[in-house]
Structures are given as C-alpha cells and as structure tokens.
Amino acid sequence: MDLAIDRELDDFRAMVREAIAEMLPPRIAELQKAHGGINSGHAETLEWTRILNERGWSVPHWPAEYGGTGWSPMQLYVFNDEASKAWAPDTCWGATHMCGPVIYTFGSDAQKETFLTAFREGRYFLAQGFSEPGNGSDLARLRTAARREGDRYIVNGQKIWTGGAFASEWGFFLVRTNPDVKPQAGISFLMIKLDSPGVTIRRIPQINGDADLCEVFLDNVEVPAENLIGEEGMGWTYAKFLLDHERTTSSFIFYNKRELARAKALAAAELIDGKPAAEHPEFRSRITRLEAEVTALEWSVLRELANEEFKYDRTAAASTLKVVGSRLQQAVTELQVDLLGPRALRFHAFEPEDRVDAGPLWPTHAEGRTANALIARASTIYGGTLQVQKGIISKLAFGL
Amino acid sequence: MDLAIDRELDDFRAMVREAIAEMLPPRIAELQKAHGGINSGHAETLEWTRILNERGWSVPHWPAEYGGTGWSPMQLYVFNDEASKAWAPDTCWGATHMCGPVIYTFGSDAQKETFLTAFREGRYFLAQGFSEPGNGSDLARLRTAARREGDRYIVNGQKIWTGGAFASEWGFFLVRTNPDVKPQAGISFLMIKLDSPGVTIRRIPQINGDADLCEVFLDNVEVPAENLIGEEGMGWTYAKFLLDHERTTSSFIFYNKRELARAKALAAAELIDGKPAAEHPEFRSRITRLEAEVTALEWSVLRELANEEFKYDRTAAASTLKVVGSRLQQAVTELQVDLLGPRALRFHAFEPEDRVDAGPLWPTHAEGRTANALIARASTIYGGTLQVQKGIISKLAFGL
Amino acid sequence: MDFNLSDLQRMLLDSAERFIGDHYSLEHRRALRDTADGIDHSAWQTFAELGWLAILVPEELGGLGGAMTDVAVLAGALGNRCVREPFTGTAVLAATILAGAQSAQDAVVESLVAGQARIALAHDEPGERYADSAPRHSALVAGGPGFVLSGQKMMVLDGPTATHFIVTAQGPEGLTLVLVEDGADGVARSDYALYDDSRASDLTLSGVTVGAGQILATGEAAQALLSLALDRARVTLAAQSVGSMEAELEICSAYLKERQQFGHPIGKFQALQHIMADMFVATHQARSMLYFALSRLEQPASVRERAVALARVHIAEAAQLVSRQSIQLHGGYGVTDEYEVSHHYRRQLVLEKQFGDIGFSLARASA
Amino acid sequence: MDFNLSDLQRMLLDSAERFIGDHYSLEHRRALRDTADGIDHSAWQTFAELGWLAILVPEELGGLGGAMTDVAVLAGALGNRCVREPFTGTAVLAATILAGAQSAQDAVVESLVAGQARIALAHDEPGERYADSAPRHSALVAGGPGFVLSGQKMMVLDGPTATHFIVTAQGPEGLTLVLVEDGADGVARSDYALYDDSRASDLTLSGVTVGAGQILATGEAAQALLSLALDRARVTLAAQSVGSMEAELEICSAYLKERQQFGHPIGKFQALQHIMADMFVATHQARSMLYFALSRLEQPASVRERAVALARVHIAEAAQLVSRQSIQLHGGYGVTDEYEVSHHYRRQLVLEKQFGDIGFSLARASA
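Chains as they are written, first to last, in the working numbering: chain A, 1 to 400; chain B, 1001 to 1400; chain C, 2001 to 2367; chain D, 3001 to 3367.
Treat the hints as calculated values from the structure; they're not laboratory data.
We treat Cβ as the ideally placed atom computed from N, Cα and C, and that holds for glycine.
Mixed in with the good hints there might be a few duds.
With a straight-line Cα cutoff of 25 Å, these simulated SDA-like cross-link-like pairs (lysine to any residue) come out [said to hold, decoys possible]:
no., chain 1, residue 1, chain 2, residue 2
1, A, K311, D, A3212
2, D, K3268, A, G399
3, A, K275, B, R1314
4, A, K257, D, D3014
5, C, K2257, B, K1264
6, B, K1275, A, P281
7, C, K2257, A, R143
8, B, K1311, C, A2301
9, A, K257, D, I3358
10, B, K1033, D, G3062
11, B, K1275, D, S3006
12, B, K1257, C, I2251
13, A, K264, C, P2126
14, A, K311, D, G3127
15, A, K395, D, T3336
16, B, K1033, D, D3278
17, B, K1264, C, S2295
18, B, K1311, C, S2295
19, A, K264, C, A2131
20, A, K264, B, H1280
21, A, K311, D, A3114
22, B, K1275, A, R289
23, B, K1264, C, R2304
24, C, K2257, B, R1314
25, A, K257, D, P3300
26, B, K1275, A, G157
27, D, K3268, B, H1280
28, B, K1275, A, L305
29, B, K1257, C, A2301
One side of the interface only, derived from the structure: several residues of chain B facing chain A at Cβ under 10 Å [unchecked claim]:
no., residue
30, H1280
31, P1281
32, E1282
33, S1285
34, R1327
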C-alpha cells in the first residue's frame, strides 16, 4: 500500500497547469465560470477543442494511434483536474468520450478516418440519441426503428434528452434494426447527420431557463448503410461498452471539487449580519461535511484509477461513484444557493441575447448559481436514476 | 376552524396535575425517571395502577360501565401528558389498552368479570403473545396451534417478543385453531395462564442490558375452552380491532415530549469547553429541529383526537404518527447520548441487584440514557416496521 | 379544538379551488410569464370580487374582518397551483400595516380591497439579508412642508406591479413606516424576474417628499406592526408551501400510476412507494405545524415570533423533501418547464427565501 | 499510488483474519464479558506472538518498524469481529509515545512487545470532554527524590487491565507525560464496563512518587507527541470502524437471503435492497476516507489534525448509518444481545466517542 502521490505527478501537474493557462482564452474561461454548468457554450467547446488539438491534447485518453497522448490514468486525472480548476470547458463529451471510443474500437477504417479526425479536431458538436420518451432508464425497450432498404436505413422514431442536438451536425443513435429477436439483440449503433430530411429537432425548455436538451423526431430519415458502426444487432453491446468505458466519469469529481471551492469563496464573500457566512456555524458545518464527502469521493476515484483489487463487482463501485457524485452536485450547488440567500431568487437568462446586466447592487458571483442548482436535480436522474444505481449495487455487490 | 385550547381543559389540567402529584409515590417517579424506558418496573406499574384505581382513574379511557371516567379524548390526552411529565409509569399496556378493550367489546360476562376487574385493579401483569419467530411483521402466518379437545384447547408453539412474560400471571395469545381455512380466518384469541404446565419462558438478553422481552414456549399446554375470547376464528379481527383502537398511541407523543425536555435539561447541565452544550451551535440546531418535529407530531395527534375531516384514509394518518413517533424516539434519545459525550459509554446494569453507585464523579443524569437510546432502535421495528408503515401509507393514501 | 372548516371557510375554499383550478392552468401561468409585468390583472380583479383581498381588512374599513385561519385556507389553494399574484404582500402584509396605521388610510385600504391598489413592502437594503429590525440606512428627515425620504431598497417583492410601497426608514422617532406612491417624484425602479416567474424591484428613493399622512407608524409601534405583519406574511407563505406539497402528492401519485417503465407502472416499485410515503409524512406534519403557527399568532410577540420561526424551518425543510422527490419521481420530465413539478420546485424555493430563509428562521427559533 | 496490500500486509491480514475468525466467535466474546477484567489474556499473548503489538515499535527497540497502513490493515480485521482488546491504547497510542519519549523506555517497550505490559492513557479529567490541549489539573511537582504526581482522571480506557498508565499532568515545564505503574503507592482505580463490554477506570493519584526516568516528555514536545499519538489512535479507531461496517455488509446481505417474510426471502424487497445499497456506498466512501487520513499522517501537524478530524466525522457518520440500518434489517432480532449486529452497534458507538466524538471532530475540522 502506498498512499503518497508520485512526485513526478507534481511536475506533470505544474506543466499542464502552465500550458492550460497559456492556451485557454480568458473569454472562454469567464463564460464557463459564469455559466458554470456542465458545459460552456457549444461554439466555445469546439474552439477549446481546436486549441487543445493544436497541442495534441484534445483526446488525451485515446490510444496514441488515434491521437491520444499516452498519459497514465493518473496523468489524465491531473490534466482534467487542472483544466477544470482553470475553468476550461470540457470537449464535446459525446464525441470524445462516448462515440469516439466506440468507433476506434468497433468502427471501420473509413469511419475512423471520417469521424475520429472530426472529433479530435473539434469540427462539430455531436449529439447522443439513446433515450426515448417511453424508456428513461430502460434502454432495452427502445422503439426507434431502422429498416434496411438496400444500401440505406429508413429510420422512424423519436429520441429525447438529446443534449445540444440543435447545435450539432451529427448524432450517434441507438436504433432497433430487428424487431424479431429479444430486445437487447435487435439494437444497432448508427451515425445520423442531423440536417438529413425528416429530422426535426425541438428544444425542451428546462427548469433553469436553459433549453439545451432536445427532442429529435425521425420521420423516414434515410441513412446510408455505411453509417452503421460495427455489426448490426451489436448496439446494445457497444452502448454497454461505452458506459463501462469511463468508470469514474459519473463521479463528476472535478465539477464537485471546483463547485465546492466556489461555495467556499461565496461563503467568504457573502455577509450575514455583517459577518461572512463562512463564520456562521450552520454553514461551517455544512461546508465541512461536504468537504469530507468530496474528499472521500476523490479517494474513491483514485482507488478506481489505481486499479485497487476489489472484493466486489467493480460496477458496484462505479455506481457508488455515481450515487455520491450526483448527490454532491445537488448538495454543493444548493449550498451556493443558500449562501446567496434572497439574492439567489433573481432569474438570469441563459441565452446571450436575453442577458441583462444586473446592475451595481448585484455581485456577478450571484449569477448562474441557482440555474446550476436547478438543473443539478437531473444529476440523480440521467445516466441511470439513483434508484437504478441502488438496484445495480444491491444486485452486483450482494446478489440481491 | 378553532385552534385554541379550551379554557376548561386548563382547569382540568391543573386538577389532574395536582392529583397526580399527591398520589404518585416519589420512589416510583424516581425509578421511572432513572430507568426512563417505556415502562418502569413491573411491581411499580401494578402499584401505580392500584393507586390510580382507588381514585377510579386506572382505566380512564374505558367505557364508564367498566370503570372508565367518561373523559373526552382531549381530557384523556391532558391526563396522560401530565402523568408522563410527573414521571408516572404507564399502567400495564397489554391489560388496559390492548386486551381490556377486546374483552369488554367481545368477551362474555364471566370474562368481563374475571379479567376486567383484575386489569383495572392492577392485580397482575399481562403478557402479549402475538409475534412468532418466523413472522415478525407478518401476523397472518402464525403457527402456534390450539387444538380443541372437549372443554379445553391443547396449545403447542412458540411466541417471541413477549414483553414482561417472566413477570406476568396471564397472557393473551393469538393461536391457530383451524389450519384448514385461509390464514386470517383460522386464528383465535386465547387467555393463557402462564404458570400452566408446559409453558416455558426464556428472557431474551437485549442490546441495552435489559431482558424484558421473552420467548414463550408452549408445549401441550392445556387451556380451558372458557378462556377463548369471543368467537373461534375471530382472533385476526380482534387483533386488528385492538391495533386500530388506539390511533395515536404509536406517536409516543408523551414520551417524546418528556425526553426532549430531558435532553434540554442535559444540554443546560453538560459543559463543553466550559460552556453549556445548549450554547453550542450544532446542539442548538439539533434541539430546535427536534422541537419542531415534536411540536408538529403533537399537532398531528391533536388533529386525530379532534376528529379532523381527512381526505385520505385515516389509517395512513395513524401510520404517519408511528413513522414520526418512532423516528423521534431514536433521535431524541441519541441526542441525549451525544450530549453526554464519552460519559454515555459507561454501562449501567438494569437489574436492581446488579446496579452499582457510579461514584461522585458521575452525575446521576447520565445513568440510563444510553440504555434507552439503544432499545429505541426497536421503535422502528415493533408494531409493524418502518418499511411496513410506509407500505401501508403508499397503499392506503395513494392506492399504490 | 376544531380543525374542520367553518361554513364560511368551506365556501371560501370551494370558490377558491373552483376559480384557481379553472383559471391557473400550467399553460396560462407559462403564458403570463411572458407578459410585461407577469401578473394576471383580470384575475386580480376576481380576487377582489371574491373578497380575498378584504379578508384581513377590519369591517369598519370595508373589509371582512376575517382571521389568519381564513387566509391560510385560501393560501393553501393558491399554493396548490403555484399562483404567484401579489396576494401575500398586498392582502396580508400591507393590509395588516394599513389597518394598524396611526394615520387613517381609508382611501388606500378601499382601493386595496377593490383590487386597484397593490402595495409592496420595501425593506431590505443593499448588503443586508433579512435584517428584521436593524436600523435603516434609508432616512426620513424633516424638509419642505413635511419630510424627505432617501435611500436604496433591494428585492422589493412584486415591486413592478405595486401602486404603493411601504418603505421602512430611519426617521426622527426611530423606525418609520412610510407609504409612498409608485411614480412619485424621486422614486426610481429597476425590475427583474424571480425563478418562480414572479417579479421584484430594486428601488432608489431620492429626496421623495413625504407628508404627515403618509407616515404609517413610528418607533416601537412601527417595530411591533412590522413584526406582526411579517409574521403573518411568513405564515401565509408557509400555508402556500403546504398547499404546494399537497398538490405534489396528487400529481406524483397519479404519475406513478400512469408512467410505465420496465413493463410496469412505476408505482409498483417499492422504492418509489416508500418515497411517496415519505412525502406523505412530511406533508402531513407540515400541515400540523402550520396549525401550530396559526394558533400562536395572537399570542405575545416573543411567543408568536418563535412559533413562526419554528414552523418556517420545519415546513420549508418538508417542502424541500417533497419538491425534490417530486422531480426525482418524474425522471427527466421533472426538470423540464413543461411539467408542473418543476414549477412547484421553483415556487417552493421562492417561498422559502422570502422574509427569512431556513437559516434565518433556525437562528430565530433557537434564540 | 497503490491501494493493494503488500506481501507483508497480505500475510498480516491473512493471519489476522484466520486467528480472529477462529477465535472471536460471538459466543466467546459474550463469555469474555462475564470475566473479571473482560480481556482475553491468552489471545493477547497471541497478539504478541503474531507481532501485532510490535508493528509501530521501531526496529531498534525490538519492534517491526511498521507503518500506520499496516496498523490499519490489522485494525480492520479487529473491527470485523468487534475485538475490544486494548490494542489501540497499548500498541498504537502508548507505543507511539514510548518510542518518542525523551528518556529511554527500552524495558517497558520490550515488555509491551512481549504482551506483558499493557499501557493506558490517563488524560481526561472530571468536568472535561476531549480536552485535547487544555492545561491539566493533575499536577507534577518537585518533591522527594524527584517529583510527586497528584490528580484525578476519568474514563481511562482499558484501565482495569493496564500495567502502566501514561498520565498527563501540569509540570514545571508545562504539559508532562508521566509513566506510572499500576499499583504504585497512591494510585487508586475505580473500574467499570462500557457498553461494548470493554472496561475503563477512573484514577485517583495521591502523591505518587515519580522519578526522572518516568518523565516521557515535557512542554511542546509532550504536546506534539500526545497529539501525534492521539491522531494515530483515532485513525486506528476509524479503521476498526470501517472493518466493522464491512462485516455488517456481509452479515446483513446473508441475513436478507435467509430470512423469510411474507413468503419470500426479505432480500427480494426493493426497499431493503436499497438500504443495502446505501450501506455499501457509505462503507465504500468510509474506506476511501480512511485512506485519505492515512495519507496525511506524516504531514505537518495542522494538516494531519484536520485530515484526521475530517475523516473521523465522515467515517463515524457512515458507521451510524450502517450500524443503524443493520439492526433495522434484522427486525426484532437486531436489538437482542444474541445477534452480531447489536454488538457492532455498541462497538461503533464506543469507537465514535473515544478520543473525540463527531461534535469534537467537526469543530476541529471546521476550524
């Protein structure tokens, strides 16, 4: 057992920190800080991807042959930690962390050439079409049908919770290519260009004033058969592969660390009865307990990254990261809201054109906090609800 | 809507308070205070019952013809509140609140004469034989069999969680008299004298050093058929009757009020870094939140006593009282433990003969608090677990 | 004690449920949001016609001389549908202050009862947070024919549609409550929306001329009147919060029966049943706590204040449990603007943080 | 970083699990409770033979020169079975102080390693609660050939079986750590049991003669040494707590499969499955927090103290969740002395309240 961080990682950290400080445009960092949700704007995400790509860092976790950096899991961790602290946005997650790995693992050479390059270079935003209105946490029941006709598929159906679809050029979709086999076996993984005739996108207004999530209606959409990734009927397997691929992502550890740090800054700045909120016992205890939980979560992530031998099924540990990480996203953003007190109630528009300067009485640190906390209610819902995660844990850890 | 307490009740309260102060032997109050669990010793319980009976107050909630006082539900509430505050023990609950009402409602005249008189006069302690080792929250599956042979029943089986059986003269039992009908229909309600041949009682050592709960083994016990209460096969109905009979009991409202008051007294007396614990913010917030919860519970009880028109099934409201009341028993006693800090760790024996004086360094207020908190873990288990209560609520309130 | 509605309360509730149920559909409320000032002017007239604005106004001033229990009955119905019209500020807070004012305010009260005057409290100042009784920076000083009022106010709830403001200021005799008309010389408003789609304003008061007839109360009387009015307002918010929770129970239990997942209505899952049970328990206890607070409103100020604070902590925490779980039970739909539960969530947030949040109330209840 | 056991740690854990698993059955522990002093003297000899008492003792003093990670591995195994022998006080707390003492303590250390000496810290005084660094009322003053020690101590853990006490006292140079033999003239003990069946004592020290060789540390050095030793002890307690939680996961999941209710194994009920999941999450996070605390033990005192306090809060609250739910899952059996879970519950209570409870740690972590 060796619980010390490698000295070499400290050097690596210093190196990436300096590089990010040099590369990241302040404008993008400021937007990410104000907006402060999971992602900054789509244009800025792509711009940052292109900047990273110039240095060869846009897909550091990919195999070297596809443009990865060859960094160790701990180095990747440090890089992401530093990027988050510097208020860099993520790259387009669907492209670099979900669809990309599926394509470099199961795609044809032509697909690798077409898509991996585009993803790495940040050429466009990519949407994820998995969920459907009838099946939130129950993917096997999806009904969007792709009927093969010659060298193309005719796709009909409806997807929902497709983040950023309105701003995306392509999407990766799970579709049912065979209705006659057992549900999991009839699903395929298809790339669909979103300006194809028959694709209609509706932005869904959200609880926080944003409308990033979309419904995607597919009405006799023709998709070239070459857009099938891997084999027909293997979509379920690929989806499981990509969900398993990133065991620690759902911890949102970088987000949670950064937002807790932000909460502490708020606690120092906000006054109650003339004293910083940080000195009020209720807030102090809340912050301390959250700090303990975030610290434990970080060490749970480190255990996973360091490949700890584990008595239980590893997926149970991954679900644990998700349970705690999602709970923390809610608790930390709610803490921020409570630190702001009545000032948290003021609505701030999401669309740049609707935003107004709040005036001299309103600290900029207030903007965006409540919007973040409101959408954080979704963190225990998407990617398998809290209840689904608990079911996974009790089944895989205990056989219940 | 009239949310004020009747003025007349204030006079009644003053009257019963004074009467209790006159009647209650200080020795019994002190034991109840030190012991402080749900019941004081069995002998003291009976002694107090006899004292109350002299004034006609031992079974105030019974119909007047069987010795009740004719008090209104609110008067009964005030009486019990005052008795609790004065550290009076309860009377034998099984006799006065469970078996008694079943007998005066369903029993024969002879049974009324025999048992009701004895209960009212506190002649002996009465044990409750419902649960069996195989069926905690699942009464319909009980297996203890009573086979009719002429003018007697031959009883074989095993009961568990029979409080105070070792100190009881009689017990009221649910037994299966007919194995060939559906489970609920074959159950009967039988009085069994516990010194009958074939009855063996084992005290079960508890988490807190007490051993009040017992196992009762019944091995070919002969019970006169005249000890059957009401009709054969109606035991399930009677059991439901008696459980429904007292809708507010499971709130433990008097216990919770009294123990919260005790916690506040501890908070004033116990010092941390030279300051009363009551002035420490963590304890202050905990106390305030518990006070709010106890207050709300008391008003939930008052709504029930005042027969509020209620949109939902009343049993859902009764289960709510049980959920909150049991949670509070745990929270309030754990607060006491935490207020004592390390001093809560010292074990204090339950049996009078094993008790030792803790010496000059140990305040008497420390004794008994941890024992109480430990056994309070059972409050979310007996009488239908927390999970069973939630199931009742979701079914009866929402049809889920 | 009697927890059942009187005949009058039953009539009040029936008419409220009918009007609110018919009128305040989710679509209507979402459309109102996009209007300039966010309130439903014709509905406000109906409020007046139904007598809702007159409940707390004494009969001698043309009101109904009702009680806070009546207000709580109505507020529950408003909470059921997240109705965010300026009822609390005008019909509870301002009505209480005007009825207790040292100078007769018959005309304004009449106008309030008629649904013409809407009156907002302008109390909080920059840098403050729920400063119940601190001295005001806003100052009322002798000047001109009477007085001159200057200062800055923040988060004046329902400010954009107010016809008058009750401004708290430091005057010659200590705390002073001053009635100021919107649009008077020297009054400048900066308006914005809150997350529940209601509106608020920041006010700048620059040498506003004030006559003696606009002084509602001074010194200890002002303190006592403001404190009573705020406590009544807080209980009204709490009653709306309980109404919102009760609506969420209905919405969620219906949704659990309708929504299918893994081949069953999701209400078949025990874990979700138990969440509903937790919500039921919290809501039931919250209503009990509301009754407790109502029962203490006529008692001495210290008793009243502590009871209200205790109730606000308890009810707000129950509301958090219920509104959070309501979203969770709805899955992804819960965080869209298109489902009721997200509106209840935001409304509950706003109810919690008006006139003192959980932290403020906890400190006050623990004092 | 490497979270896997080294070969030596693997051997340590295997032998610990084997011995403890074989030896510390519930029946055995319940029988031990009824002995005069509550400890298992022959098992203690085995502890010594297996080298467990020597882990933290430097090699030059005849020990193994091991690390706190090794102690944590063993402590987890002790926690699995609620083993309450005086390991923490003797092999961690006292071993740390003796190894850092200003006067050589070779004989005592040798005796400790051999399983003969058991050494308890006598620190808390009447009226105190976890007074980490306050001045002591117990006084060490010059007298006779050396010094004289007087005072009163409370809650000396494992006092009844201690051969020596490390007494904290106010000496000429400030805080002083003094080694005193049990049975020395002027030492009077009053013994009692704790709820986990371990024992403690109150001590009265009346003019106990102390030689220079018994002075282990003074002034700032004493403060630093005591603080380090206490933090190591706290982490050892936390490791036992995690071990206890991990055992409860096994006990409860097995029980849920075996126990039938309403015609099914109760593990089929989703509500109970989700409770098990909550327990799993809490336990997993608790072990992560233990690693965090271990990683900070060699850092500067302020970093170490805060990390240990943070870990103690987090692990103790996780332990409360797990031990409470373990009883709940067992129904009525859970509150009997005849089932493991009630013993884990009591052991967790004692672990939480030794050398600082949640409240103490929370204040320390928030400072």
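Check: Quick one, are A/K264 and B/H1280 close enough, alpha carbons at most 25 Å?
Finding: holds (22 Å)
Notebook entry, point to check: Within a Cα-Cα threshold of 25 Å, do B/K1275 and D/S3006 meet the stated pairing?
Noted result: violated (48 Å)
Notebook entry, point to check: Is the Cα-Cα distance between B/K1264 and C/R2304 25 Å or less?
Noted result: This hinted pair holds, its Cα atoms lying about 21 Å apart.
Item checked: Agreement of A/K264 and C/P2126 with the hint, judged by alpha carbon distance not exceeding 25 Å -> holds (22 Å)
Note to self: Hinted pair, alpha-carbon criterion (25 Å max): A/K257, D/P3300. Please report holds or violated.
What the structure shows: holds (23 Å)
Next item on the list: Would you mind confirming whether the straight-line C-alpha gap from A/K257 to D/I3358 stays at or under 25 Å?
Entry: holds (24 Å)
Check: Keeping to a limit of 25 Å between CA atoms, is the pair of B/K1311 and C/S2295 held or broken?
Finding: Holds, at about 22 Å.
Checklist line | Pair hint B/K1033 and D/D3278, alpha-carbon separation not exceeding 25 Å | finding: At roughly 37 Å apart (the allowed maximum being 25 Å), D/D3278 and B/K1033 break the hint.
Notebook entry, point to check: Would the pair B/K1257 and C/I2251 pass a check requiring their Cα atoms to be no farther apart than 25 Å?
Noted result: Violated, at about 35 Å.
Next item on the list: Verify the proposed pairing of B/K1033 with D/G3062, using a straight-line Cα cut of 25 Å.
Entry: Outside the cut-off at roughly 54 Å; violated.
Next item on the list: Please verify that hint: B/P1281, Cβ, nearest Cβ of chain A, below 10 Å or not.
Entry: Check passed: Cβ of B/P1281 comes within 3 Å of chain A, closer than 10 Å.
Note to self: Against the 25 Å threshold, does the CA-CA distance of B/K1275 and A/G157 hold or violate the hint?
What the structure shows: violated (68 Å)
In the structure shown, a violation is registered for the earlier hints numbered 1, 3, 4, 5, 8, 10, 11, 12, 14, 15, 16, 21, 26, 27, 28, 34, in ascending order.
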